[in-house]
Structure formats: structure tokens, C-alpha cells
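**Student:** Spelled out from the first residue to the last, the chains are:
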Amino acid sequence: MKARIATLLLASGLTLASAAHAFEPNKPSCIAPAKPGGGFDLTCRILSTGFAKAGITKIPMAVTFMPGGVGAVAYNYINATNPDDPNKLVAFSSGSLLNIAQGKFGRNLDENDARWVGTAGVDYGAIMVRADAPWNTLGELVDAIKKDPSKFVLGAGGGVGSQDWMKAAILMKSSGVDPKKMRYVAYEGGGEALAALLGGHIKVYPGDVGEMKGLVESGKVKVLAIMSPERLKGEFSNYPTAIEQGYDAEWTIIRGYYLGPKVSDEAYNYWSDQFQKAYNDPAFEKTVVDQNLVPFNMSGKTLDSYIKERVGYMRGLAKEAGLIN
Amino acid sequence: MDVFHYLALGFSVALTPLNLGLVLAGCFIGTLIGSLPGIGPINGVAILLPLAYSVGLPPESALILLAGVYYGAEYGGRISSILLNVPGDAGAIMTTLDGYPMAKRGEGGRALALSAVSSFFGSMGALLLMVIFAPLLSKLAIQFGPSEYVWLMIFAFTCLATMVGKRPIKTIVGVVIGLLLATVGIDSGTGILRFTMGIPNLFDGVDFLVVVIGMFAISEVLILLESWARNDLKLTPVGKSFVSFADLMAVKWVIFRSTISGFLIGVLPGTGASIASAVAYGTEKRFAEGKEEHFGQGDIRGLAAPEAANNASAAGSMVPMLTLGIPGSGTTAILLGALLMFNITPGPLLFEQQPNIAWGLIASMFIGNIALLVMNLPLIGLFVRLLSIKQSYLVPVIVMLTFVGIYSIHGDTFDLFFMIVLGVFAFILRKLGFSLAPVILGLVLGKVLEENLRRALSISGGDWFILFDGAITYVLAIATVLAIVLPKVMKLRKK
Chain A
1 MKARIATLLL ASGLTLASAA HAFEPNKPSC IAPAKPGGGF DLTCRILSTG
51 FAKAGITKIP MAVTFMPGGV GAVAYNYINA TNPDDPNKLV AFSSGSLLNI
101 AQGKFGRNLD ENDARWVGTA GVDYGAIMVR ADAPWNTLGE LVDAIKKDPS
151 KFVLGAGGGV GSQDWMKAAI LMKSSGVDPK KMRYVAYEGG GEALAALLGG
201 HIKVYPGDVG EMKGLVESGK VKVLAIMSPE RLKGEFSNYP TAIEQGYDAE
251 WTIIRGYYLG PKVSDEAYNY WSDQFQKAYN DPAFEKTVVD QNLVPFNMSG
301 KTLDSYIKER VGYMRGLAKE AGLIN
Chain B
1 MDVFHYLALG FSVALTPLNL GLVLAGCFIG TLIGSLPGIG PINGVAILLP
51 LAYSVGLPPE SALILLAGVY YGAEYGGRIS SILLNVPGDA GAIMTTLDGY
101 PMAKRGEGGR ALALSAVSSF FGSMGALLLM VIFAPLLSKL AIQFGPSEYV
151 WLMIFAFTCL ATMVGKRPIK TIVGVVIGLL LATVGIDSGT GILRFTMGIP
201 NLFDGVDFLV VVIGMFAISE VLILLESWAR NDLKLTPVGK SFVSFADLMA
251 VKWVIFRSTI SGFLIGVLPG TGASIASAVA YGTEKRFAEG KEEHFGQGDI
301 RGLAAPEAAN NASAAGSMVP MLTLGIPGSG TTAILLGALL MFNITPGPLL
351 FEQQPNIAWG LIASMFIGNI ALLVMNLPLI GLFVRLLSIK QSYLVPVIVM
401 LTFVGIYSIH GDTFDLFFMI VLGVFAFILR KLGFSLAPVI LGLVLGKVLE
451 ENLRRALSIS GGDWFILFDG AITYVLAIAT VLAIVLPKVM KLRKK
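Respectively, the protein sequence lines represent chains A and B. If you read the first sequence in UniProt numbering, its first letter stands for residue 1, the second for the next number, and so on. If you read the second sequence in UniProt numbering, its first letter stands for residue 1, the second for the next number, and so on.
The reader is advised that the hints may include incorrect statements.
[Claimed, not checked] No more than 30 angstroms apart at the CA atoms, straight line, and that leaves these computed lysine-lysine pairs for DSSO-like:
id	chain 1	residue 1	chain 2	residue 2
1	B	K139	A	K213
2	A	K151	B	K139
3	B	K139	A	K220
4	B	K139	A	K222
5	A	K262	A	K88
6	A	K286	A	K222
7	A	K308	A	K220
8	A	K262	A	K58
[Stated by the list, open to error] Chain A residues, not near chain B, derived (Cβ > 10 angstroms throughout):
id	residue
9	A22
10	P25
11	N76
12	N136
13	G176
14	D178
15	F236
16	P240
17	Q276
18	Y306
19	L317
[Claimed, not checked] Cβ pair distances, simulated, as ranges:
id	chain 1	residue 1	chain 2	residue 2	range
20	B	P168	A	I59	57 to 65 angstroms
21	B	T413	A	T137	48 to 56 angstroms
22	A	K233	B	L51	43 to 51 angstroms
23	A	P261	B	V55	32 to 40 angstroms
24	B	R194	A	D110	20 to 28 angstroms
25	A	K233	B	L416	44 to 52 angstroms
26	A	D110	B	V404	53 to 61 angstroms
27	A	E309	B	P168	53 to 61 angstroms
28	B	F11	A	T252	42 to 50 angstroms
29	B	P168	A	P261	50 to 58 angstroms
30	B	L9	A	I59	36 to 44 angstroms
31	B	I169	A	K319	44 to 52 angstroms
Worth flagging that the hints you see were computed from the coordinates, not collected in a lab. The structure presented is a predicted model; accordingly, all values stated were derived computationally and were not measured. Even glycine gets a Cβ: it sits at the ideal position worked out from N, Cα and C.
Sequences are here, hints too, so could you generate the full structure?
**Tutor:** Below, the structure is given as C-alpha cells:
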């Protein structure tokens, strides 16, 4: 039954592709591979409202939800049933890439089973401690951790092997502490982890720049370092990066979209061009900034090779941390 | 008297014609959404959020609309619980235990009215607590660390031990099945996949709603089909019963206690309506021990307790969201997202910088509750007529609604098959004399218990004494011991 539908779809897809020379999207939609309200939802909303505001689509694209395994369910769905559907853009994040690197996206699926087409923007890791904590620089914090790494509790909104954990592990590695010795507590989502930080149950919270705004204003949390390659512009420009402070701890959270692995070059190039158009439109940029992301414009082949390089890097990290063999 | 000044400001925002209309619309839509099995407050709010945004409502109005939907859905969840034994959402599971037997006796109207009134007092009481204690409570909520959660869950389990009743072994087996289901998914402590059989849909664990709807709705349908095949389908008597003043007096303390416990559990991030209603039910059963009681067979106390508690917890979950920017439940997480979409950052500064939003929302909740009560009581006669529909029409409608509801969560057919498997499994369990509530509670409480126990132990490096760290743990530990010992002592003293 399923196979028959798949062949039908495949056949109709083929006739469409051969009949139409230039690709025209037909009711495109964005799949957010999580429950409503999370980061993937935001990513799709950027595409939906940003493209509409930039005049690329007439009406905002529909957003559908397909939660499961940081994108694993959607990745399998696209690969199994709609690998050639040019009207389904799926949101991804570094969290999805990290799971692909660890082989947690299902049997035999890796970074080559999607066509990475465009980005929404990036966010960066941010090392946060409670406002009344005794450390004021990353150096002071790292010295305290080094004294007794087994007594120092870090916590964040994801399990071992998630990108929240990876931020903590990278911080440890950069300060010369074996990440395996780290005492890490996994919470359900950043909100719970923040509550634990404020309540003093954990000492360090490796969160995101996107969450900083209200927290820093309220004076409850101190940011010791931002895990960006260079200093941020605008309101966060007075926060030093970890690299400036002498620790090679960088974590860029990339948010973007992919198409199915068998989508035609025509459709792929079409979408890639639309992303380029959007990047040149101030209305799109405003949508990105409004969602607390930093613009990071990359599409088409450039993005594809960037993602593949990134997954390779993550695979190396995961091996070092003993997550995979 | 700053509070009253601000509250007056809030009412001036909430009582503008637009906002008043939105509150009423939100409550009405919410009741409809809540009464459909599978579609609960989370889906309702998620569906309306983009709508509110694209219509260009001002932020306080959008929030008022969405909060109305949240409240209305908590109200609506009880209708199908009571009349059909199918919980509309997770917070309404405990409502089936005594609500459905009442409806079967022909007291559907009484049960619906009583639950509406309990919900009303639960929400109103919780709102008052919120207005007075919100800043204090948000401090208490963050003091709640893993060890405290562990004790809270152990306390909840001991309260529920009262459900053991006449079939202790079957209840324990039921809880264990729930605990087993809770272990499926990525283990956050190690990152290892547990019992997922390589199916990516199970990586995040079994979806709670799929289990609830599968086990309750599908097995109920199978039971109806079975009695149809045997030709002994009996129509439930509709009855003209209504809630009496004596009923209300009989449950006034039940509502009082359940409101407070429900509110406090709602304030804690990580526990919500399902745990609040379970704890309230268990506590009331403990209180009733030794006296005349028929919990599980249509006791009005067993209906009032979870209803007051689940509505109180909905108000409670707003506290950490508004004061700390930390969602207290799945639905408030979406409301938080809505605030962020309007470029409003919730947190301690919200009350100072945007008092019209924070207090307008609180005032609208007061208005929404009154509106829900006024709207619901006259409609009860209509709802109860649902029972006079022939089963041959009702069953297909239930099946259709559950399928649509479950499919709408993930948009994936896997959940539908999983739901059917669970439904058949639950049907077999019920035929063998198991009750389903322990299974669901094992799943809910077990997940929170395991996660927090492991968090506590990874904080302490494996030292179990962390469970006795801090005053709150002692309070909860003593409460647990009392819950076990007191009823026995009371019984002995009676002799």
C-alpha cells in the first residue's frame, strides 16, 4: 500500500518535473520537526513570515509539525515517503546535525540524505551563572572547576549527547578537563534548567544568546562568555567571547532548512535563489532579528558543503567524548 | 495596597469591549476544543496563536484570547470524561473515575454541574492565591530541586496506593506497566536509546496523549462494540439531576484542599494538571478513609477534588511564566512563545514595565472564569443529551474524533497504529479486571520520579543523602510517612 502510494507520488513527480521547465512552487510548506512553541517552530515562522514580508511568497507558508528525536522523525518521513517533494522545506538546527553525526537519525541515514538549502540565522552558546556567583570571568570559573571537576555541577536543557551537553563538554575540553569527568545534569528544556540555576541546584548553565535578553535585564543571571567566533554586534557587544578569554570554546547554533534528497536541481536552485533574494531584503532580516537570531546568510551549494564539514567536525567531537566509536 | 491598584488597572484593560469579547470567544472555543478527545489546551492554544498574530491583535488582547482558550479547554476536558469515560485531555483522567459512574447512574447533569462549580472555585481560589503570593511563590518554586521532586513523586505514589482497593496485585501490575512505558526513549542521563526498537517516533518516548487516548477512548469503543455484539447495550439514563446546595456543602473542604494543592503543584515547573489532579484525588481518598465513602463508584468528593485541582494548577502554572519567564506547563510554554513573538520578555520586570499586560491578563482570567460558569451551567442540559444518542452513531464519532485528534499532534500515522495497539491492549487489561488509571499514573509519575532521582544522584555523585538535603525534603518525607501511617492509626483508634 505504502509502496504503491510512493510510486504514484514518484511517477507524478517525474511527469511534473519533465513537463515544467522552470520550477514553480505549489503550496509550499515548512515542516517544524517539534511540538509547537519550540525553536523549530520559530525557524519555520521565520521562513513563513519572512518570505511573505519580503514578497517572495504571496501568503505566509503553512507550518506543519512533526515532532520526534530533534528532527529524526521528519528526516525519516522525508526520506521514506517524500524524498522528491520540492514543496516541503524542513527546519533543522545544530541539534539535528549533532544527532546525525552520532547516527541517531535512524538506520543508514546520514548528512547526505538531505539537500541543505538555506539558513534562517544563527545563535551562539552563552556560559551563564547566577548573578551572585563568585566568578566574574570565564578564567575564574574554569580555575574553580579545575580544582575539583567532580564537585562542579553543570546543567542544561538536553540529555547527554545533545547540543546543550556538547556546549558544556567543549568548555571542559578547552580548559583541559576531561569531558567524561564532568558532572552534568539533564533537564527537560532550557526553562527547567534555568529554574535549577536560579535555585542553586546547578552552578553553570550553558545556554543560548537568544535567551539572554530578559534574564540579564532582570539582574538574576551573569553571562561570563559568549561562544561565538567573534564579538557580537549591537546590544551584546560588551560581552567577551570565550576565545578572547583564551579558551577555544565555540558553539554556533545554526538554524535552517533542507529539502528531500531526491529533489530536482531545478527546484533546489530555485529555493536557493529565493533565499538569496530574502537575504538582500531588510524585511527578512528584521524577522530574523526579532526572533533573537543573528543573521547568517548561506544557501545552496555553499551551505551544503558547510553543513557536511560541520557534521564531520561534530562526529570528531562525539568520538572524543566517547559518545560513539 | 498596590495589588488592588494594579488589579483595577488590569480590569480596566480586560473590560474594554474588544478584550471582553475575546475572553468570551476564547472560553467558548476552548470549551469546544477541550471537549474533543485528543485535542487539549496545548493544541488549542497552538492553533489559535498564529491566527491571533496575523490578525494583528495587540499583545495583551492576543494573550487574553489565548489564556481564555487555555481555561476553556481545562473546563471542556471534563465533559467527555464524565459522559463517555473518555478523557478530553490528560488533566481530566481522574475525573473519569467518579464522574462516569455518576453519569451511568443517570446523574450526568449533577456530575457536570458539580464539576463546573468545583472548577470555578478551583480557578478563582488559585487566582486569588496568585495575586497575593506570586512573587513569594516564584521563589519557592525555584527552591524545588531534584530531591524535592523525588519526594513529591513518592508522596504522590503513596497517596495513590489508596487506589489499590480490593485488587492490590492488579493495581501494582498496572503501575508497573505504566513505569515500563515511561522508560521508552532517549535516556537523558546517558544519551542511550532505550526500548525504541529503532523507531524514530519513539526516540522522545511514548507520547502521553497517545497513551491516554488509546487506552481510554479506543478500549471504551471496543467495550461498547462488545456489548453491541452481545446485544446487551443499555442506554445511559439521561436524568434531570442537578447540583444541590447540600452537595456543595459536602465538598467545600475537598475543593478548598484540592485548590491549594493543585495550585502549588501547578506553580512547580515540571508538574502540571495530571499530577495535580492525581494527588488531589489520592489525598481526598485518604481523608475519607474510615468514613463512609464509595470512591470509584461515583463519589462526589472524587469528582470535585480532581476538577478543582486541575483548574487551580492551570492558574498556578502561570506564576513561574509571568514572574520568571519559566513555563510551568506545556501550554504556558506556548503562551511564553506568544509573548516572545510580540517582543515581550516575561520575567520579574514584566509586572513593572508592562503592567497592563500582566494585570490585564490576570483580570481577564477572573472574567473568563465567571463567563465559563455562566456559559456552562445552562448548557449542561444540552451536553447531557449526548447520552441519549444511540451508540451506533456515537461510536463512529468518538473513533473519528480520536483519530483526527491524535493525528493532529504529530501529523504521523505511526501514532494512529500505536494508539490502536494500546487500545486493544487496554481492552484486554480491562477484561482481565485491571483498571487503567494506575497505568497512566505510573507513566506520568514514573517519568518525573526517574528523571529527578537521576538528576539528584548526578548532582551528588551517587550519594543518596542528597534526598535529605534542605527543609522541603523533610516536610515532604514526613508527609509521605504520615500518609502511610495515619489511616492505620485512625482505624486502630476506632476499634
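**Student:** Where does the structure disagree with the numbered hints, that is, which hint numbers, in rising order?
**Tutor:** Hints 7, 11, 22 and 26 contradicted; others consistent.
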